[in-house]
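Same order as they appear, the protein sequences are chains A and B.
The numbering used here numbers the first residue of the first sequence as 1 and each following residue consecutively.
The numbering used here numbers the first residue of the second sequence as 1 and each following residue consecutively.
Calculated directly from the structure, the hints in this document are not laboratory data.
Positions of the beta carbon are idealized from the N, C-alpha and C atoms, including for glycine.
Some hints here could point you the wrong way.
Just the calculated beta-carbon pair ranges, DEER-fashion [stated by the list, open to error]: (1) B:108 to A:275: 39 to 45 Å; (2) B:71 to A:89: 32 to 38 Å; (3) B:67 to A:145: 28 to 34 Å; (4) B:67 to A:102: 31 to 37 Å; (5) A:102 to B:180: 39 to 45 Å; (6) B:70 to A:103: 52 to 58 Å.
Pulled a few chain B residues facing chain A out of the computed Cβ check, cut under 8 Å [claimed, not checked]: (7) 54; (8) 74; (9) 75; (10) 80; (11) 81; (12) 83; (13) 91; (14) 108; (15) 109; (16) 111; (17) 152.
With a cut-off of at most 20 Å between alpha-carbon atoms, the simulated DMTMM-like pairs for lysine to aspartate or glutamate come out as follows [as the list claims (entries may be wrong)]: (18) B:72 to A:190; (19) A:186 to B:347; (20) A:186 to B:218.
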Amino acid sequence: MSVVTGRAKKGNRLPMLAQAGPVSLWMIVFVTLPMLFIIFISFMSRGTFGGVEYTPSMESYETMMEITYFHVITKSIGVAAETTIACLLVGYPFAYYIARKPADVASRLITLLMIPFWTNSLMRLNAWMLIFQTNGPVNNFLVNVNLIEKPITFIFTDGLVLLGLITNYLPFAVLPMYSSIEKLEKPVLEASADLGANPRQTLLKVTLPLTIPGIFSAIILTFIPALGTYVITDMLGGGKVLYIGNIIKNQFGTIRNWPLGAALSVLLLAITALMLFLYSRFAKVEDMEVV
Amino acid sequence: MKKTIVALKGVDKWYGNNHVVKNLNLEVAEGEFLTLLGPSGCGKTTTLRMIAGFEDASAGRIEVQGESVDEKEPYQRDVNTVFQSYSLFPHMNVFDNIAYGPRIKKVPKEQIERDVEEMLRLVQMTGYEKRKPDALSGGQKQRIAIARALINNPRVLLLDEPLGALDLKLRKQMQIELKRLQRKLGITFIYVTHDQEEAMSMSDRIAVMKDGVILQLDKPTEIYNRPNCRFVADFIGESNILSGVVTLAEDDLLTVQTQSGTVKTKGAGFEKGEEIDISVRTESLSCSAEPTEEFCIKAKIRDFTNMGTVTKTSLILPDGKEIRMSTFEQDPNLSEGQEVYVSWKPEKSTPIHRDKKEAESCQ
Ligand SMILES: Nc1ncnc2c1ncn2[C@@H]1O[C@H](COP(=O)(O)OP(=O)(O)OP(=O)(O)O)[C@@H](O)[C@H]1O
Ligand SMILES: [Mg+2]
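Bound conformation, chain A alone (with noise of 0.2 Å):
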């Protein structure tokens, strides 16, 4: 009897190889080892005239520990944290007030939110310099209403690296709320109210603790990100202020430090696999709403 189940299932294996045999290889090619390479480039040393010189070390580990190094560390993460915690905040009832529009209605929000994220985000980031310059409209504006007496100083600050941030990474935040609110079935919310409960009771006693799924995907899918991102920082920080993406796009560019970049990538890396792991621990993996 076991002999002829034995033999059904590695009959019934096969197929499923196959179907998962391209992905796979996809994923090995592409992604798991370019990841192993980096992480194996991380503990080299750093060659004389840049590149890397295959001589373990763990040098760049070291490097990283340095105060200065750490300093952006730690900021980095701050700012990631800060523009997450905003993006949930703007975003949850944003979210809320989208999902509990007629379906046609809230097809179009979704779309509207959508555009920034369609435009070319050099253009974009563009538009805001101009718009944040010494004598851009912004100032303009402030300095006629007699709100401020100088121009102020937006551009290649942390301010407006945070405010670009917080707008960039926004939609990310709504789309996986909104599809975990709007899952949410309105009898559900009646009878809490039907029990007693005001709509903040409600609020916190029902529908928050039911779209934690999606709070959670919308941390993932801002966190990460802003975590590792370069341009934006890049173009309104003015690479004045440094973040940890920008440190590893010149460790690999024009400080040919190769070995350092990599650990730095691999830190991002370890922090994203903490994430996930923990997000894993908390929902199902069905639950996570990546749209």
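Based on the hints, put chain B with the ligands in the right spot on chain A.
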């Protein structure tokens, strides 16, 4: 007469151009078990949702305990609902579901624990505190939904087809349990169903609805024995309906000329010459091989159907109309194709007016 606890006064509900509830007037007495019974789409759920506060009435006034509740949000109303879809909170276990209402009202913790236990005992679900709703059967979910509403000690409990999803056996069992609970706790039940048997066996009074109108509001036996219009007669139980003209009205005893012969019925307020319908329950018919004394009409036995506890006999009248009779046992003297004489006790049949207005609302 007991105190009125819920009153609907001239309540209307429009969804756009759709007039769903029409000038509804209804008074429910304290501790009463009142059922809204009617076919799908007649406005039962809408009526219930207006009482609970999930829908606003387009016109009219709803009162609970003598006070208008039109300005009150659902969470401010002293009524609780058992939803057709159960609507248990999926992220909470059974205990937390039942404790939801008392916790909102800030009832002390020890008291909540005692009350939840008591409720679980009442619905016979002790020991299920830690289960999540996902891990319960339909009937169990239903009982938890009932416990979750009852723990708040509402003056009025609204139930929307609470047993709709259950199989026949569990449904019968829950009917008995629910009725027992209602008696024991003395809570007013407003109960929605489209199952007429369920309505008959549980209710103190039944409101038969059709197209947003209450056609008849009465005790189950009255609704059953004295339907006031053709629709009610047809909808409740199994009736035979014969049409004819009153040829003689002596006191309440009417002699009626139908196409199949002269019959008798009993009812007040009918005049000679009036066109009426007569409703006769299948179990009130009797037939015999010999003509009976008072009156009888000729018929031919078409066939017999054994339904388990009763036997249905199908009879064809001279004008070709089919009528049905149910008896506990098949009469051995009768056989298919036989010519028989059908009769009934006049007081066991109901004359129904056929005036215009009635005919319109009872189409
Ligand atoms: N939100 C709504 N918008 C528009 N029309 C509605 C809405 N809810 C109900 N209706 C309409 O109102 C009428 C009555 O609906 P209701 O749900 O009260 O029926 P019901 O008697 O409960 O029927 P059932 O036995 O099938 O549950 C139906 O014709 C329905 O289509
Ligand atoms: Mg309904």
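Hints breached by this structure: Going through the list in order, the structure violates hints 3, 6, 14, 15, 16, 19 and 20 and respects the others.
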